[in-house]
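Engineer: I would like the entire structure built from these sequences, with the hints used as guidance.
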Amino acid sequence: MDVMPKWAEVVLVPLISLLLAGIISALVVLAIGEDPVAAAKLMVSGALGSTYGWGYTLYYATNFMFTGLAVAIAFHARLFNIGGEGQAMLGGLGVALACLYIPWPHWSLALVGAAVMAGLFGAIWAAIPAWLQAKRGSHIVITTIMFNFIAAALLNYTLVNMLRPKGSMDPATARFSEATNLPTLHDLLSPLGIAFSKAAPANISLLVAIAACFGLWLLIWRTRLGYEIRAYGYSESAAKYAGISPVKITMVAMIISGALAGLMAINNVMGEAERLVLNSTEGAGFIGIAVALMGRSHPLGVFIAAILFGFLYQGGAELALWTSIPRELIVVIQALVILFTGALDNMVRMPLEKLFLARRRARVAKEGAAN
Amino acid sequence: MDYLTLIQLLDSTLRLATPLLLACLAGLFSERAGIFDIGLEGKMLAAAFFSAAVASLTGNVWVGLLAGIGASLALSALHGVASITFRGNQLISGVAINFLAAGMTVLIAQSWFKQGGRTPSLMGGARFEGITLPGAEALADVPFIGPLYAELISGHSILVYMALAAVPLTWWLLYRTRFGLRLRAVGENPASVDTAGVSVVGLRYAAVAICGVLCGIAGAYLSTALQAGFVKDMSAGRGFIALAALIFAKWRPWYALWATLLFGLFGALETRPDVIESVIGMKVQSQFLGALPYIMTVVILAGFVGKAIPPRAGGEPYVKER
Chain A
1 MDVMPKWAEV
11 VLVPLISLLL
21 AGIISALVVL
31 AIGEDPVAAA
41 KLMVSGALGS
51 TYGWGYTLYY
61 ATNFMFTGLA
71 VAIAFHARLF
81 NIGGEGQAML
91 GGLGVALACL
101 YIPWPHWSLA
111 LVGAAVMAGL
121 FGAIWAAIPA
131 WLQAKRGSHI
141 VITTIMFNFI
151 AAALLNYTLV
161 NMLRPKGSMD
171 PATARFSEAT
181 NLPTLHDLLS
191 PLGIAFSKAA
201 PANISLLVAI
211 AACFGLWLLI
221 WRTRLGYEIR
231 AYGYSESAAK
241 YAGISPVKIT
251 MVAMIISGAL
261 AGLMAINNVM
271 GEAERLVLNS
281 TEGAGFIGIA
291 VALMGRSHPL
301 GVFIAAILFG
311 FLYQGGAELA
321 LWTSIPRELI
331 VVIQALVILF
341 TGALDNMVRM
351 PLEKLFLARR
361 RARVAKEGAA
371 N
Chain B
1 MDYLTLIQLL
11 DSTLRLATPL
21 LLACLAGLFS
31 ERAGIFDIGL
41 EGKMLAAAFF
51 SAAVASLTGN
61 VWVGLLAGIG
71 ASLALSALHG
81 VASITFRGNQ
91 LISGVAINFL
101 AAGMTVLIAQ
111 SWFKQGGRTP
121 SLMGGARFEG
131 ITLPGAEALA
141 DVPFIGPLYA
151 ELISGHSILV
161 YMALAAVPLT
171 WWLLYRTRFG
181 LRLRAVGENP
191 ASVDTAGVSV
201 VGLRYAAVAI
211 CGVLCGIAGA
221 YLSTALQAGF
231 VKDMSAGRGF
241 IALAALIFAK
251 WRPWYALWAT
261 LLFGLFGALE
271 TRPDVIESVI
281 GMKVQSQFLG
291 ALPYIMTVVI
301 LAGFVGKAIP
311 PRAGGEPYVK
321 ER
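So the sequence lines, in the order shown, correspond to chains A and B. Be aware that the first sequence starts at 1, since it is given in the numbering used here, and climbs by one per residue. Be aware that the second sequence starts at 1, since it is given in the numbering used here, and climbs by one per residue.
Just so you know, the hints here were simulated from the structure itself, not pulled from any lab data. Quick caveat: nothing in here was measured; it's all calculated off a predicted structure. Do not rely on the hints blindly, as some may be mistaken.
Said to hold, decoys possible - Far from chain A by the CB rule (all over 12 Å, computed), these chain B residues: (1) ALA82; (2) ALA191; (3) SER192; (4) ASP233; (5) ILE276.
Stated by the list, open to error - Taking lysine-lysine pairs in the DSS-like style, the calculated list, with each CA pair at most 25 Å apart, reads: (6) B/LYS320 x A/LYS354; (7) B/LYS114 x B/LYS283; (8) A/LYS354 x A/LYS366; (9) A/LYS6 x A/LYS135; (10) A/LYS6 x A/LYS248; (11) A/LYS354 x A/LYS6; (12) B/LYS250 x A/LYS135; (13) A/LYS41 x B/LYS114; (14) A/LYS135 x A/LYS240; (15) A/LYS166 x B/LYS250.
Note that the Cβ used here is the ideal one computed from N, Cα and C, for glycine as well.
Structural biologist: Next up, the structure:
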């Protein structure tokens, strides 16, 4: 029996966790001798006060939607995919290959082609640890961590030795051709008469990310496969008894997860940088963990959490620009969110459950007395 | 490759293996007691910062070492509260600790020293200097043994010798004491330990605390012995290599020594591509050498070369029956 009503589970627990993370972040800002209220105001105005700010916020949010969904779908199968970072790096490689070596006639075709390559590369990078988990029993958390490092080495190698244009010292590919450049929100919104900042990197990938959120919701709650994934996540033995193959679920969940993480590359590599550089992922794969935890692995939750983290990223960049608070403040906030919504979940949950249980007992006792 | 080059290579192997060894033994205590710890990296980083910061403020490296251990212990306590008391997910707690350390060290470094997230360079008593072992200078000219003793065995900081001594000590503690037996039991079958009337929670906290102390020394070594001061993200994935070494060593202390020395050798070779080329007659990409510990760990984990079986109760919070 659920002790807490659904709204408390879905809204109250994450909100309290977030509040705790916020309070401690404010104390940290206070401790390094800055004003938390002024900092928060600057973050809000910097990230949400202009279409330029929104453009960056939504750009970051697009990355985090993809990586957050990647972690979330794995969570549903009770798999912890820490390898989003490596899968996104490989996705970037796929995008770079697609954009550099195929003469695309139009950006829409290029987007489809690049997305397929990004998803494929990410999926392959997730499929190896998945296979090792399913067939050889290697712990997927450890193998995905190892695969992050291997991906970084692989990317470094291909950029330095193969993809780098002749004569260039920079470990990066050449710029992609004009035809593959994705339309930004400015290009998309100006025909509708909405003026949006031209400099901001948010692009059409945002719509792909939103579609991915919706698609994943359909998959998890409206298809047989989604049911099997959730059943496997709740109880492996029960799922086995119902004829669900653990190998199949582990493989499928991780392949979808890796493909989603890889898809991030259409935003950061194709949409923003328009070439592949080292460290193009900038830790977005890890932020996916925080986003999935905060969003309770629900696509809508992931969507909201991704926008929140996009806001934190853009706000943090503004802070670093205008005050002496370093950008690393966001890393601290991210850590606190993971800590409170993930590891210390029971610390918030246990007292709440007691509270609701006591209220229910009181109500039952009252009704008993009335009869 | 001549003899002196070999000695130099082994010398830097030992230097690079030391933090890995300490962190690996730290992870060994924690994981043998059933607490997964992917926060080794974060604890090392926090310790590296606080030991360098306090050493530079006080001018005394030993006070710095204590501060580093203290910082690492604080993060260990957080891990303990999250994963033992509140029975949270140990992996997620480890991830959070890594980010917390990565962010807080830069934030505090900037606030204290205003040098872009680093500490001032450490000098004199604020740093662990190499110790010349007795007779090293006298023996230095003896052929073969002389360079071996004077260059390779002598001349390291005290922390290197402490790390090497920690290996037999860990072995003795785990396999020859009552505490060690209980610690291993709590990682395999906590219910049996509980039935025997020994506190599961107490043992696990003890293991996590030992892990904190060792990670603290490892971090202090990075910033006060291997390098002279703290720079942002200076642990550079060493906590994860230590984790890989732990699996490679199959959670055993002596194997941990060999695994970390092997991974240390890879690190040393990465900076000497000329040596590899002269020995095996072909060029090896430095990226490949860097990734080799991770690739080898995956292969070991997959059970293609020997099987690494983790402690059975690892990662699962213990719920006392009521």
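Engineer: Run every hint past the structure and note whether it holds.
Structural biologist: So, going through the hints one by one against the coordinates:
Remark: the non-interface label on B/ALA82 conflicts with the geometry, its nearest Cβ contact in chain A lying 4 Å away (cut-off 12 Å). Every C-beta of chain A lies more than 12 Å from that of B/ALA191, the closest at about 19 Å, which supports listing it as non-interface. The beta carbon of B/SER192 sits about 23 Å from the closest Cβ of chain A, which is more than 12 Å, so the claim that it is off the interface holds. Residue placement check: B/ASP233 does not keep its beta carbon more than 12 Å from all beta carbons of chain A (closest about 10 Å).
Every Cβ of chain A is farther than 12 Å from the Cβ of B/ILE276; the closest lies at roughly 16 Å, confirming the non-interface assignment. The straight-line distance between the Cα atoms of B/LYS320 and A/LYS354 is roughly 19 Å, inside the 25 Å bound, and the hint therefore holds. Restraint check for B/LYS114 and B/LYS283: the C-alpha separation of about 43 Å exceeds 25 Å, so the hint is violated. Of the supplied pair hints, the one linking A/LYS354 and A/LYS366 holds, its CA atoms being roughly 18 Å apart against a limit of 25 Å.
For a cut-off of 25 Å, the pair hint linking A/LYS6 to A/LYS135 is broken: about 37 Å separates their Cα positions. Taking the CA atoms of A/LYS6 and A/LYS248, the gap is near 31 Å; set against the 25 Å cutoff, the hint is violated. Of the pairs offered as hints, the one joining A/LYS354 and A/LYS6 holds, with about 15 Å between alpha carbons and a cut-off of 25 Å not exceeded. Taking the CA atoms of B/LYS250 and A/LYS135, the gap is about 20 Å. The hint holds against a cut of 25 Å.
Restraint check: the Cα-Cα separation between A/LYS41 and B/LYS114 comes to about 24 Å, which is no more than 25 Å; the hinted pair holds. Distance restraint check for A/LYS135 and A/LYS240: the Cα-Cα separation of roughly 15 Å lies within the 25 Å cut-off, and the hinted pair is therefore satisfied. Between A/LYS166 and B/LYS250 the alpha-carbon distance is near 46 Å, which puts this suggested pair outside the 25 Å criterion.
The structure fails to meet hints 1, 4, 7, 9, 10 and 15 from the earlier list, while all remaining hints are met.
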